[in-house]
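Student: If you want the building blocks of each chain, they are given just below.
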Amino acid sequence: MTASVLVPFAILLALLGSGVWVGLGLSGIGILSLEIFRNVPVEKLLAQSIWNGLSSPELLALPLFILMAELLFRTKFIDGVFSALDPWLRNLPGGLLHTNIFGCALFALISGSSAATTSSIGRITVPELRARGYEERLVVGTLAGAGTLGFLIPPSIIMIVYGVLSQTSVLQLFAAGILPGLLLALCFVGYVIIRAKLTPSVVGAVEPIERRALWALRLSGLPRLLPFLVLILAVLGSMYGGIASPTEAAAFAVFATVVIMAFEKSLSVRTLRDAAIGTSRTVSMLGLIIASASFLTMAMGFLGMPRAVSDFVNGLDLSPLMLIGLLIVVYIVLGSFLEGMSIIVMTIPIVLPLVTAAGYDSLWFGIFLILMVELAQISPPVGMNLFVLQGLTRKPLGEIVRAALPFFIIMLLFVLTIAVFPGIVSVIPDLVKAG
Amino acid sequence: ETWDLPLAWPAENYISVAAGTFAAKVDEATDGRVEITLHPGGALGFKGPEMLGAVRDGLVPIGDMLLNQQIGDEPLLGLTSLPYFISSFEELAEFEAYFRDQLSAIMEDNNQKLLYTIPWPQQQIWTKTEVTDLASLEGIKIRSYDRSSTDVFDSAGMTPVQLPWGEVIPSLAAGAIDAVATSSPSAVDGSFWEFLDYGYPTRQTWNLNAMTVNLDSWNELDEADQKAITEVAKTLQPDFWQAAQDEDARNMAIVEENGMTLAPISDELRAEMAKRAAPLRAAVLEELGDEATAVVEGFQSR
Amino acid sequence: MIKAIDRLSYALAQLSGLAICGIVVMIVVEIFLRKFAGISLHFVWEYSVFIHISAVFLGAGWTLRTGGHIRVTLLRALIPRAFEWISGVIGLAIALFLTSAMTQLALGYLTSGRTAGTTTDTPLIIPAAFVVLGCVVLTLQITLRLLALLLGRAPELDTTGEDDPAPIMD
Ligand code: NA
Ligand code: NA
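Residue numbers (the numbering used here), protein chains in the order written: chain A, 23 to 457; chain B, 5 to 306; chain C, 161 to 330.
Quick caveat, the hints were computed from the structure, so don't treat them as lab data.
Treat the hints loosely; a few may be bogus.
Claimed, not checked - These stretches of chain C come out as covered by chain B in the derived footprint (C-beta under 8 Å, 3 or more residues):
| hint | stretch |
| --- | --- |
| 1 | 190-200 |
| 2 | 264-274 |
Claimed, not checked - Here are the simulated DSSO-like pairs of lysine-lysine, each with C-alpha atoms no more than 27 Å apart in a straight line:
| hint | chain 1 | residue 1 | chain 2 | residue 2 |
| --- | --- | --- | --- | --- |
| 3 | B | K51 | A | K66 |
| 4 | B | K132 | C | K195 |
| 5 | B | K29 | B | K51 |
| 6 | B | K279 | B | K29 |
| 7 | A | K98 | A | K287 |
Glycine included, every Cβ here is placed at the ideal spot set by N, Cα and C.
Okay, chain A solo, but in the shape it has when bound (with noise of 0.2 Å):
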């Protein structure tokens, strides 16, 4: 049992440190692993379980937010969007870095991946932050924790996928996620202030602006904010307002952004051939990857990882705060070579149980899970949002995870807390149950 925990824990150090391409390269560790330990027809698993992999309905959020980035990205308000925060944050410590954080928790309103966030709002941020002489490492850390956010705020894929799996409503999941996104935000914030006031050289250059001439500046800077409050508008309205499901209004949003394109005249037959090749490339690469892991989940099955895991768990007779501490690290564990979705998939028959018996409820249990992965999307050495930001910096992996370092320490911390104060999930869902 434990070779076939090991084996293919080395294999993925093996293989991906070769520098295949990950998309293959998980694939390659669930081929071998199988091709050691089991007697299966390993090439027929691989072939259904990436058919299936990217089978699924839930997914097409993401290609569709991806079409969505490439195309306001070749939009001409999106430039805009920075001259207009600007004279908003430009005299908060950290100036324009909460541009990437602010950005993302909106954007989180309109996407449920915390992949496409993270390179919607950064494919943004990234040049200007660069051009205006950011701390790249603060500018690529920033991004790395706030586009998590694009799980926690609502709406959210991956809750609706624990919502089903583990019978929670989902709307109630929803509530619950919108205060734990809030405060993890305004923990960002908090960081970014802090390492302002410490290292003021980690901010680019701010000439300092007269009261009245800024206040000019901010009022007549939202105009450019109008197209993507627009935006904001058309996914909120047309799902809230009863036109669309979550997926149909990403859509929407797509058509929508067409739409702004048409009217501001950026509209051709080469942004739109430019857009679709973006597309392309983002979306193969991802789903690549996406597929790989699925398969590579399923020989994790096979292999009975993850019932050696909770038979583990289950023989140590935890005190409540000791097994979600235990929890952490398990996750932290798998969340590292596996991707998100198939972490949730793999450990909810496992992990629900102990800890509903330990006192935790399904709702408390669904942000703590969506937080673990969202830790997942930015731990090395698989981490979607770290290959997103790898793509959107072409740094190299090692100085992207030591940029999100901090991040991954503020969300963990923040785990905790809400163990210890599990009312912060709760408060929002119980005001909306009671209205």
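Following the hints, complete the assembly by docking chains B and C with the ligands onto the known chain A.
Tutor: Quick look at chains B and C with the ligands alone, frame taken from chain A:
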């Protein structure tokens, strides 16, 4: 032998629970020689429509499948989805008995042995408004679960909408759809009372699951173990059918406790809906071919 | 030869991107029809899923050629040439295995005539054929990459095929 059993349903679902009971009894009956490891919640990545092929090709030694999801491979497995063909749970049991041998034969053609069947509770429609006659169904946007139900609701003047389950609750909450067709356990899973007020047992189609084992894996067992396992399956099947009924009753009670109004649909309305769906049924049968027609006619004149 | 395969890869990537635009068109039409005409298009979700799975693979070759697939490059600085060879050969082996697996799946769908069987009668061979085509082109691109290494040429193109590529891949 250790058999990995993928289950698309959550661990607490009664079908998973039944599979667990079966696994325990098999372990006992074979003195631990056959150990079935459950992988509930779709943990192995199998989703359903590929299960017949997965067991056939030995991707997994044993599998639990929703029969009418397998019509892409074996159209005859969709007979319980024939609109208004089976009218009650009792009739479903009779159909299972009538069709059993043929089902075993189909499974054998697909390199697997049928162990037991377990049904899903009756299908219902869950609505925001009261349903009294056809006019009250007009234009209701209802989430349908497969092709057959889609056609049935269409013929009744409703607007069936295809949505993945994950999209159903938010769509319901926001009003993109006004009704859902599913059985009572799903209604409880989705806390339907938060959005809907009425439940009606329309029973337009039925869902039946089967547990099958790959023949190559099966043939590796000695005769005594085979016989023991067959015996376990045979003994447990009635319990499993009862479990489905109990599950329905339990969930109906929960739904009612939470304030939903449950009512039977009138015989007139059911007759009218069945009449509207008649051409549909004929068309499906035509498509399924003579073999299916023979089964249907044989069953009806039993 | 290399040019021809690059051109094919590029065309397939374009097709895959347009296919995703097609998903948008279908869903938006569905939203409007459902809201204003009380009509729902039942094929939208299933077709969208098939388009997505096809799009992932159709774009894979071009994505590889233009450096879009992510990898861990920790050891590249240490042994640049060997690094490219090792990753290329391992990548080729996995890609071959994958192509063979997906081809067998597709052949199974072809011979059995299996259809989606849920809401539409779409023969599964149609999306599966696109998947196989994508796998073949991906494998070809890895092979060409090794060839380029052998000939001492740059393994990746310095364009992404866009006039103005978004920074996600820069
Ligand atoms: Na979100
Ligand atoms: Na990770």
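Student: The structure should be examined with respect to each hint, and the outcome stated for every one.
Tutor: Here's how the hints hold up against the structure:
1. 190-200: The restraint on the stretch 190-200 of chain C holds, since 4 of its residues have a Cβ under 8 Å from chain B and three suffice.
2. 264-274: With 3 residues close enough to chain B, the hint holds.
3. B/K51 - A/K66: holds, 15 Å
4. B/K132 - C/K195: Holds, at roughly 18 Å.
5. B/K29 - B/K51: holds, 26 Å
6. B/K279 - B/K29: Distance ~45 Å between B/K279 and B/K29 Cα, so the pair is violated.
7. A/K98 - A/K287: holds, 9 Å
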